[in-house]
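Please build the complex by placing chain B on the supplied structure of chain A, with the hints as guidance.
As they're listed, the protein sequences go chains A and B.
Start counting the first sequence at 20; every next residue gets the next number (our numbering).
Start counting the second sequence at -17; every next residue gets the next number (our numbering).
Worth double-checking, as some hints may not be accurate.
[What the hints assert, rightly or not] Using C-beta positions, here's what the derived DEER-type ranges look like:
hint, chain 1, residue 1, chain 2, residue 2, range
1, A, LYS205, B, GLU35, 55 to 63 Å
2, A, LYS22, B, ASP29, 57 to 65 Å
3, B, SER24, A, ASP96, 22 to 30 Å
4, A, GLU59, B, GLN27, 28 to 36 Å
[Claimed, not checked] Sample of chain B residues at the chain A side, in silico, Cβ under 8 Å:
hint, residue
5, ASN7
6, VAL15
7, GLU17
8, ILE22
9, ILE41
10, ILE42
11, ALA44
12, GLY47
13, GLY48
Don't read these hints as lab results, they were simulated from the structure.
Note that CB positions come from ideal geometry on N, CA and C, so glycine has one too.
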Amino acid sequence: MIKLRLLQLWVVDKIMSLVIDKKTYKSRLIIGSGKYKNFEETKKALEASGAEMITVALKRTNLGQNNNQKNLLDYIDPNTYKILPNTAGCFSSEDAIRVCLIARELLNDNLVKLEVLANKETLLPNEKETLVAAKELVQLGFSVMVYTTDNVQLAIELEKVGCVSVMPLASPIGTGQGIKNSSNLKSIIKNANVPIIVDAGIGTASDATIAMELGCDAVLLNSAIAMSDNPIQMAEAMKYAVKAGRKAFNAKRMKISDIAVPSSNKTDTLS
Amino acid sequence: MNIILNGKQFSIDKKMSIKDILVQNNIGGKNIVVEVNKEIISKSQWDQTILKENDQIEIITAVGGG
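The shape of chain A in the complex, shown without the other chains:
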C-alpha cells in the first residue's frame, strides 16, 4: 500500500515536472531578472516565485566603479538556480552567437536563451536570423532555448535544427497584453516534441494560467512581476497561477455547453 502511494506520488511528480535539456525542474515558471529596483528585490522575487531558472542579460561593465560593488551573480547563486543568459539587444545571428560564446565563458554552461530581434520598435523576433543563429549554436554545442514568434512552421523548424525548447511570444516584449493568438500557440504545442514555453507578453497571473491551460510546458516572464506595484506578491501569484494552469490542463476541462445544465439532479426536486 505504501509502495503504491509512493509510486502514485512519483508519477504525479513526473507529470508536474518540466524537463529541459535532460534536467528536471519542479517549477514551470521561469523568471527574468530585469527592471527590479535593486538586486535585493530581484532575489526576493525569485524566492517568492519558486522558479528554479532565471534569465540574465550580458552587458558591458561600468568603468570606474567601486571594486566591491555587488554584481547580479552575487545575489543569485548559480549553484542554487539555473542561470539562463539571453542574447537581448542582438539584431543579427552573428551578434547573438558572439554573446552566447561570452555567456559560456562567464557561466561555464551551454544553456542559452537565443533572441534575435527584428527592430528596436516592435522588439519582435527576426525569424530568419533566429533560425540561422539557432542552427549554428547547436552545431557549436549549445543547448538553445529559442525566443520566437507564434509562427507554427518556424517553431517546427527550430525544433528540427536541435533547439531544446521553443519559446513563442504571447504578445510583444514588455507589453503585458497577454495571449494574442491562442490558436497558434495550441498548434505549436500540438506539433512539438520539445518543451514549449510562452515567453513575453504575460501581464498578470491569469495570463500565465491560460498559457498553462493551453498546454504550454512553462511560462517565462519578467515585466509582469518586476513592473507590478508589489513584485514579491506578484511573484508568488505567478507561482500559483502556473501551478493552477498546469493542474487544470492535466485535469482536462469540462466541455463548454451552449445551453444551461443544472448542477443538481433533475429528479426528486420539490416543485
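Okay, now just chain B, sitting in the frame of chain A:
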C-alpha cells in the same frame, strides 16, 4: 597608445596587459569576460596578453534581463 575600452577611447602606457587595465579601472576579476578585438581571452591569459595600439577591449558581465 590608444585603446578602445567598452566603446570609449583611452590613452594607456605601452606594454600594459589585460590584467593591468582591469586593475587600473578598479575592476575585480570575478563574474566578467574579457574580449579583445571580438576574441574571448580566458582568465588564465589576462596576465600575458599585452595590448596593442587600437585594440578594442570589451569587459562584459551579467545584468538584469528577461
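Structure-based check of each hint:
no.	hint	result
1	A/LYS205 with B/GLU35: 55 to 63 Å	58 Å, holds
2	A/LYS22 with B/ASP29: 57 to 65 Å	59 Å, holds
3	B/SER24 with A/ASP96: 22 to 30 Å	23 Å, holds
4	A/GLU59 with B/GLN27: 28 to 36 Å	35 Å, holds
5	ASN7	5 Å, holds
6	VAL15	5 Å, holds
7	GLU17	7 Å, holds
8	ILE22	5 Å, holds
9	ILE41	5 Å, holds
10	ILE42	5 Å, holds
11	ALA44	4 Å, holds
12	GLY47	3 Å, holds
13	GLY48	3 Å, holds
Checked against the numbered hints given earlier, the structure satisfies every one of them.
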